[in-house]
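Going down the list, the protein sequences come from chains C and B.
The first sequence: position 256 = 256 (the working numbering), numbered continuously.
The second sequence: position 126 = 126 (the working numbering), numbered continuously.
It is possible that part of the hints are untrue.
Claimed, not checked - Here are some chain C residues pointing at chain B (derived, C-beta under 10 Å):
| hint | residue |
| --- | --- |
| 1 | Val153 |
| 2 | Gly171 |
| 3 | Lys179 |
Unchecked claim - Derived DSSO-like pairs: lysine-lysine, alpha-carbon spacing no greater than 30 Å straight-line:
| hint | chain 1 | residue 1 | chain 2 | residue 2 |
| --- | --- | --- | --- | --- |
| 4 | B | Lys100 | C | Lys179 |
| 5 | B | Lys179 | B | Lys305 |
| 6 | B | Lys242 | C | Lys179 |
| 7 | B | Lys100 | B | Lys242 |
| 8 | B | Lys251 | B | Lys193 |
| 9 | C | Lys179 | B | Lys288 |
| 10 | B | Lys22 | C | Lys179 |
FYI, nobody ran anything at the bench for these hints, they're computed from the structure.
We treat Cβ as the ideally placed atom computed from N, Cα and C, and that holds for glycine.
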Amino acid sequence: MATETAVDVVMPQMGVSVSEGTVTKWLKSEGEQIEADEALLEISTDKVDTEVPSPASGTLTQILVQEGETVEVGTKLAQIGGAPGANGQTQAAPPEPATAQAAAESADASGAEGETATAEVVEEARPAEPEPTAAVPVSDGGTDGKSFVSPVVARIASEHGVDPSQVQGSGRGGRVTKKDILNFIEEGAPAAPPAAATPAAPAAQPAEAPVAPAPPTPAPPPPQPVVGETGEQFEPMTAMRRGIAEHMRRSLDTSAHVTSAIEVDMSRVVAIRKKLKQEYEKDYGVNPTYLSFVARATVETLRDYPWINGEIRGEQIVTRNYVNLGFAVELADGKGLIVPVLKHAEGLNLLGIARGVTDIAQRARDKKLTPDEVQGGTFTITNPGGYGTFHGTPVISQPQAAILGTYAVVKRPWVIQDDRGEDVIAIRPIMNLTLTYDHRLVDGALAGRFLRDLREKLQTWDEAAY
Amino acid sequence: LAEKTYLQAISDGLREEMRRDKRVFVIGEDVGVYGGAFKVTLGFQEEFGAWRVIDAPLSETAIVGGCTGAAIMGMRPVAEMQFADFISCAWDHLVTVAAKQRWRAGTPVPITVRLPSGGGFSGGPFHSQNPESSFAHIPGLKVICPATPEDAKGLLASAIQDPNPCLYFEHKHLYRRIKAEVPDERYETPFGKARVHQEGDDLSIITWGAMVYTAEEAAQQLDADGVSVEILDLRTLVPWDKQAVLESARKTSKVLVLHEDTHTGGFGGEIAATIAEEAFEDLDAPVKRITAPDTPVPFSPQLEKAFIPQVDDVVAGLRDLAEY
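Could you build the full structure based on these sequences and the hints that come with them?
Pasting the structure below:
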């Protein structure tokens, strides 16, 4: 469907907690043709990196936000179809800095990425007299149903942390119906969220408000005069790195982190895994990793320790009857970490968990995760053991109550009792587990009992039950 | 269990109450010798005598006034208005005296007023109305609107035994058209308990009386579209089953309120308002009302069809909700 009228491409809402995104790459340049749903640009948020598909077919008439710029959700990024800048609120928006002020700002921010360009667009785009805009009323369900969210849809969206604008609407005018959002939640989010038809901000704003969409935020805190010493090099922080940095600091400022550790004799798991490995790989193409064994046993153990699967929310302690298990996954380039969540892990057996972990880890590395797959975790497992480390003190993923660390399985001399009850030294595969918990909610004794029970489950692994 | 018409079920229920409770008597225009305009009390005078099946003069005021006095003195009168429309003559006795006596003087007024109501056969403006909403607004009165033969019998028994003045709206269009199994034994159908006429997942219709069947026919057409409709028959408007309505609204999130009474001030407005107040966060569409327009009931068959909600009207309303 070719577009006669101009269609705005806006920064999509990538999950409820995400308020801004960075344009990392334009896949089309101005003047090029694009089909609806064809990838138009790549964006990066503190949660995920993803492609944004074109909301319509037509010519990419204008790019308003350049690569490297960070803007708020809902900010107009580009325009498809129509005449350049002919879309009411963005009249005559020259993409390049043109004013003296702009030049000054650019100079100020030298050293950072070219993030100021759009700030000038805003300045330029503001006509002396606001012109009557032709934009449709935002809540008109008849013409732009997507913009109207019914009470029940709003409630379900907030309960599940889903952004309704990511849901394909089947109601009148494309409105998202209750069924649409329930199906969406049930099936999981689609691979890439459509660039949401977010209501154009100016239509709802008073006359004196800026006429351009939500102004781009001044990108990363302007690194005050960055003076490099000899031999130093600079690279800009990615949105993900900034997100991680903020989250790590906030977590340590929020929770009272304490770590307890326990040693687990993995003999039984090693033996069972050896047996299952061939079967799983042959029949299902799935590798039953040690991590999946630990995850399975953890889910089982969490059932008896609801607080460890809980959170402090205001003055309340939240517990739940499900486990959404987060897994810390390092990205392929080694420059970031993402925590995809295996939802409702309590309903998965060993095979289900192994398959789920393989799937989300792979998609995490391929940057194919959807925002909702990195949200809603209730407990997290991190596995730095792959490199041989035997201990660590991970940082809790907020607002969770604890994080389990799994470490290398190492053959160690181990004191056991022989048939006659005499102490002997045997060679046993030992794995250390750490539980880092929020001491505000979880007492040391509780954490100790949790680790003890988890060890017990692993050491006496019940094949039939798991 | 036997198949009975709606009319037979009312007649049987009334006869049964008269047989088991000597305090119960019937009074109305032509209810005795003639057996009632619709023959509900046919043979009653022969069985119970002229003192318990009283032919009254053409005065609804006298009938309801007499009933009120008799009820205060311990009787259980059942008055018949020949047509529900005529009840306005008795408004003062019902609303000022019967409805308030219990609060004013402490004496219960256990009267039942049977009200042949509803249109569909060119009865015109004096013989076709559904004035239930007017009385639902009056504290102290109970309002009963059975849709099935089984409920007609059970609700009549409950009305007669209830210590409050009960207005029992029997829909004339159901009298001989609707036939269904009715238990032989005596039973009381409780007030304030809606009946799920049919279960569904996508849309809810809240209705009562003859409109239950209009809703059913409309729902069948939606069924062909793959849209499943739940029909809730309120059975009584005072008290009404708020819980059941809210549950259905929460389940489907799209509600159509359907009644044969006129629009403004109709009881559907109360239901819609309650859903908006108490189930707002469960709504996926505005609550829709399908009712008669705000005019008297016309004589002309064509006009009456345009007046009373028809199956096609309900189908259109349901589709509109489904597509919303």
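**Study point:** Violated constraints from the hint list, given by number and in increasing order
**Key:** Hints 4 and 10 not satisfied by this model.
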